[in-house]
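Trainee: Protein sequence lines correspond, in order, to chains A and B. Positions 1 to 111 (the numbering used here) are the ones given, in order, by the first sequence. Positions 112 to 229 (the numbering used here) are the ones given, in order, by the second sequence.
Any given hint might turn out to be false.
What the hints assert, rightly or not - Below, simulated EDC-like cross-link-like pairs (lysine to aspartate or glutamate); rule was C-alpha separation at most 20 Å, straight line:
no., chain 1, residue 1, chain 2, residue 2
1, B, LYS151, A, GLU45
2, B, LYS147, A, GLU45
3, A, LYS67, A, GLU3
4, A, LYS2, B, GLU167
5, B, LYS147, A, GLU5
6, B, LYS152, A, GLU45
7, B, LYS152, A, GLU5
8, B, LYS217, A, GLU3
9, B, LYS152, A, GLU3
10, B, LYS151, A, GLU5
11, A, LYS2, B, GLU155
12, A, LYS103, B, ASP196
13, A, LYS106, B, GLU155
14, A, LYS103, A, GLU45
15, B, LYS151, A, GLU3
16, B, LYS147, A, GLU3
17, A, LYS106, A, GLU5
18, B, LYS217, B, GLU163
19, B, LYS217, A, GLU57
20, A, LYS103, B, GLU155
21, A, LYS42, B, GLU135
22, B, LYS217, A, ASP27
23, A, LYS103, B, GLU195
24, B, LYS217, A, ASP58
25, B, LYS217, A, GLU45
26, A, LYS42, B, GLU155
Calculated directly from the structure, the hints in this document are not laboratory data.
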Amino acid sequence: QKEVEQNSGPLSVPEGAIASLNCTYSDRGSQSFFWYRQYSGKSPELIMFIYSNGDKEDGRFTAQLNKASQYVSLLIRDSQPSDSATYLCAVNGGSQGNLIFGKGTKLSVKP
Amino acid sequence: ETGVTQTPRHLVMGMTNKKSLKCEQHLGHNAMYWYKQSAKKPLELMFVYSLEERVENNSVPSRFSPECPNSSHLFLHLHTLQPEDSALYLCASSLRMGQGAHLNEKLFFGSGTQLSVL
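Just chain B, same shape as in the assembly:
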């Protein structure tokens, strides 16, 4: 148990559905992240929030919409997804964002949501 909880663990959705992924961290961290992990590809950073403010959006399609209501909770809202969006979506947190302070960069991951888009 890393202190980062993700729900649901598995999700199957059609291309016209709307669903949300939830992440909660109990570590007192100030930075939270969404990563996408596809087969045979590196972990891809999607969004970063620091102190509830989005600081990075790596050219992610608008069908993915993040929300960070407070420093402990992070959501990823999904709508009109494509089959190629099927992947493992991982939430992570760190004490603070990077910027040369090494301790800030240690990521603690949740268990992930395995998403299948039909």
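Next up, chain A with everything else stripped away, as it sits in the complex:
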């Protein structure tokens, strides 16, 4: 059974701090990795994707991938209260390459 693990949280950080969200996955053959943000009562929206080992930066967001450790993370710099949401890690898997999602980490940014 291919799995994606995330700490469910809640992760609480003060405004302006760096929020660090972590995800591990079981399938060594996974090739693509995604972070979705889901506000309460809303649907998930894609915010970052990464395919290669190392870091990928987009504005205040940085995705980090370490395939050897089967670990992917999302850093949010200068966290804002509007970043408060559940962050879903998704990894490609299955014969058709469909995504497997983690349960999500709930982030709370306190003013």
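Put chain B on the given structure of chain A with help from the hints.
Mentor: Same frame as chain A, but now just chain B:
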């Protein structure tokens, strides 16, 4: 607005009712998906259609019946549901299905239907 529209937003039904969920995408995508999201559980993939052909059915009970009449529309027909089927049902689309082509795997979700089965 993601370009994926779901109706209704909320649905309450009894166990003997028959209802349908509708999804429409305006993105020119060729793959469409139904996901179930329950509290404290990961998103569960239910069905995948690629070019209107069902390509995956993840052991979903037969009380859920999908229909994809064309690449822009997707339905989920519901009948004799159980209270444990209460959840958020999300439709999504992607350019094409996965299979190693990374761009294909970016999912665009609709707003979901919050279903309550009494």
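Trainee: Quickly compare the C-alpha distance for LYS217 (chain B) and GLU3 (chain A) to 20 Å and report which way the hint goes.
Mentor: holds, 19 Å
Trainee: LYS151 (chain B) and GLU3 (chain A): Cα distance at most 20 Å?
Mentor: Cα-Cα ~15 Å, so holds.
Trainee: Starting from LYS217 (chain B), check that the Cα of ASP27 (chain A) is at most 20 Å away, please.
Mentor: holds, 19 Å
Trainee: Quickly compare the C-alpha distance for LYS2 (chain A) and GLU167 (chain B) to 20 Å and report which way the hint goes.
Mentor: holds, 16 Å
Trainee: LYS42 (chain A) and GLU155 (chain B): Cα distance at most 20 Å?
Mentor: holds, 17 Å
Trainee: Holds or violated: LYS152 (chain B) and GLU45 (chain A), Cα atoms, limit 20 Å.
Mentor: holds, 18 Å
Trainee: For the pair we were handed, LYS217 (chain B) and GLU57 (chain A), check the Cα-Cα distance against 20 Å.
Mentor: holds, 18 Å
Trainee: Quick one, are LYS147 (chain B) and GLU45 (chain A) close enough, alpha carbons at most 20 Å?
Mentor: holds, 16 Å
Trainee: Is LYS106 (chain A) close enough to GLU155 (chain B), meaning Cα to Cα at most 20 Å?
Mentor: OK: LYS106 (chain A) and GLU155 (chain B) at ~18 Å, within 20 Å.
Trainee: Given the hinted pair LYS217 (chain B) and ASP58 (chain A), is their alpha-carbon gap at most 20 Å?
Mentor: Judged against 20 Å, a Cα distance of about 17 Å means the pair holds.
Trainee: Take the C-alpha atoms of LYS147 (chain B) and GLU3 (chain A), compute the straight-line distance between them, and say whether it is at most 20 Å.
Mentor: Answer holds: LYS147 (chain B) to GLU3 (chain A) is near 17 Å, not above 20 Å.
Trainee: With a cut-off of 20 Å on the C-alpha distance, tell me whether LYS42 (chain A) and GLU135 (chain B) pass.
Mentor: Holds. LYS42 (chain A) to GLU135 (chain B) sits at ~17 Å (cutoff 20 Å).
Of the numbered hints given earlier, the model fails none.
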